[in-house]
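For the protein sequence lines, the chains are G and U, in the order given.
Each residue of the first sequence is one higher than the last, beginning at 2 in our numbering.
Each residue of the second sequence is one higher than the last, beginning at 4 in our numbering.
Keep in mind that the hints were calculated from the coordinates and are not lab data.
Model, not experiment: these values are computed from the prediction.
What you were told as hints is all true, and nothing was included just to trick you.
Straight-line distance between alpha carbons at most 35 Å, and here's what the computed DSBU-like set of lysine-lysine pairs gives: (1) U:Lys79 with G:Lys196; (2) G:Lys233 with G:Lys252; (3) U:Lys38 with G:Lys228; (4) G:Lys8 with U:Lys6; (5) U:Lys38 with G:Lys233; (6) G:Lys46 with U:Lys79; (7) U:Lys6 with G:Lys196.
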Amino acid sequence: MNIEDIKRSENKVYSKPELLNDTPMHYCPGCSHGVVHKLVAEVIKEMGQDNNTIAVAPVGCAVFAYKYIDVDWIEAAHGRAPAVATAAKRLNPERLVFTYQGDGDLAAIGTAETIHAANRGENITIIFINNAIYGMTGGQMAPTTLEGQKTATTPYGRRIDLNGYPLKISDLLAMLPGTCYVTRQTVHTPASVRKAKAAIRKAFENSMAGRGTSVVEVVSTCNSGWKMSPEKSNEWMVENMVPFYPLGDLKNNSEK
Amino acid sequence: MAKVIGAVDINRERCKGCNLCVVACPTDVLGLQPKEVNDRGYHFAYTVNPDNCIGCASCALVCPDACIEVYRVVEK
Ligand SMILES: Cc1ncc(C[n+]2csc(CCOP(=O)(O)OP(=O)(O)O)c2C)c(N)n1
Ligand code: SF4
Ligand code: SF4
Ligand code: SF4
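Pulled out of the complex, with its shape left as it was, chain U reads as follows (with noise of 0.2 Å):
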């Protein structure tokens, strides 16, 4: 059976810490640092499940700030 399989890469230093992804992702990749913060001083999101992204790019459209780049292959 064909395998999805993803990966995001987030631009801390665009990151508001808003929090938006890390409710839109549907298998609990997502996170916000819990104590460090990027230049302007926002808790940024990272990934702290990457295995478990499908590249679903939920993540991303909900993004206000465009921080999120999505990768997706499938694996036959």
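The shape of chain G in the complex, shown without the other chains (with noise of 0.2 Å):
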């Protein structure tokens, strides 16, 4: 068989997500961040929600988000996404409500917001890309951070005596009465990204069907930041990130 006779519309199994636009995106080569976006405008087209969604970005290397995927955004201030998504979805409970947020915004300036929006069992979900750095500005020190970890504000390490302890946030959230599904994903290859995707459509599903917050959190890479290739920073995530933040659903009420 020739390669114009495999190249037929009715053969494709694969290609970019309908909701994903044109406009490149201005991630770094490699970034976490894109898989996600596909992963994100995929489960969105397959659940028929694109004229019914309303997402909230992040202050952070998603800053941009709206450019890319198709649906409606709102641009929240530094870390107070959580509680722009609150609004929208209580002013607007069809719809489906999230939010896409750094390690920086969600577990460093947004604490509260987060803390308090899972408190109160939003029905939202949460997309939390944590890279255990501050990409946008250059690489600084997130709560995250693991011990011993080199950033541009940690140049021989994170230390615990002087930069405290690495935060699971996700763990804090799963202990809150108001989160139904809390869950742990990467996406650096097929079978992660396929999990990760079916752990989003849950979520997405759990808002619509109003049983309180979701938080998938996604352990990503910053390939800049970390100073590394992207395929050495897939490897560095393995050996030193999922140690520290174990992979898998640290809590599912999904089916109440």
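Take the two lone chains and join them into the complex the hints point to.
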């Protein structure tokens, strides 16, 4: 069979998600943000929610997410996405409302908004990109930075005595009665991408069914901030991030 | 025995040459252009061994920039 016969539309098994528009994304080559954007776009389309979604963008590298995924977006002030999403969902309860936030946005400046929205059991989904660093501003330490991890502000590695402990904020959120589903995923292999997509789907379904707050943490890479190639970043993530941030469901009351 | 054959189309202008598809491909189909670059200066991905492709979509799943379209045919 020649290549033209293979490349017929009826044989197509994968293409760019329909809701991802043609604007090239500004993310660094190999950045996990792009993979998660694709999954969010696919799930919204597959659920038929493309004209019924309100997404809330963070401050951080994903600040321009509204340029890439073709749904309605609100740009929140740094860390305030869960508060903005609370209002959007309460005023439009029939809508799919989610936030998309980095670890600096969600677990540092936005800790209060995150915890209280989850504790109120707002019917929103929080997509949480944990790359253990502030990517956008040049690779400073985040609350999630691992012990010993070198960043622009911890050039000799994070020290517990000086900088405190890395924050497992998803574990805290799982303890709150308002959350129904808290899971930790990665997107570095084809299999993990499929699992992360299923998790996002479950979270969005929970939000639409009014089961409370769902949190999908994606343990991610920031190869620019970490100063490694994309490939090495994935290896470093598996060796260092995953043991500290173990993968899987921390809480699953989805089918209540 | 049924044989699975595949093919990929790579959007060279969207590609950022991150190499993640190359690593993900189980049959060594892909590589980065050693010299040529796209309009934004990236050594984009291309099919070095197109005949090896089994249409598994591993490359496309991990591509952060949604550059890859995958086709698959099962020959009986
Ligand atoms: C009120 C306020 N404080 C600080 C900043 C600077 N700032 C911009 S993004 C950011 C953190 C980004 O890190 P993260 O949320 O982890 O996202 P990433 O860029 O890694 O995806 C900070 C501190 C700001 N823009 N506004
Ligand atoms: S700085 Fe880090 S998080 Fe931001 S786009 Fe680059 S790799 Fe991604
Ligand atoms: S579809 Fe599978 S076999 Fe073909 S290039 Fe992509 S990863 Fe390789
Ligand atoms: S994964 Fe995508 S962006 Fe990266 S080299 Fe391959 S085609 Fe290009």
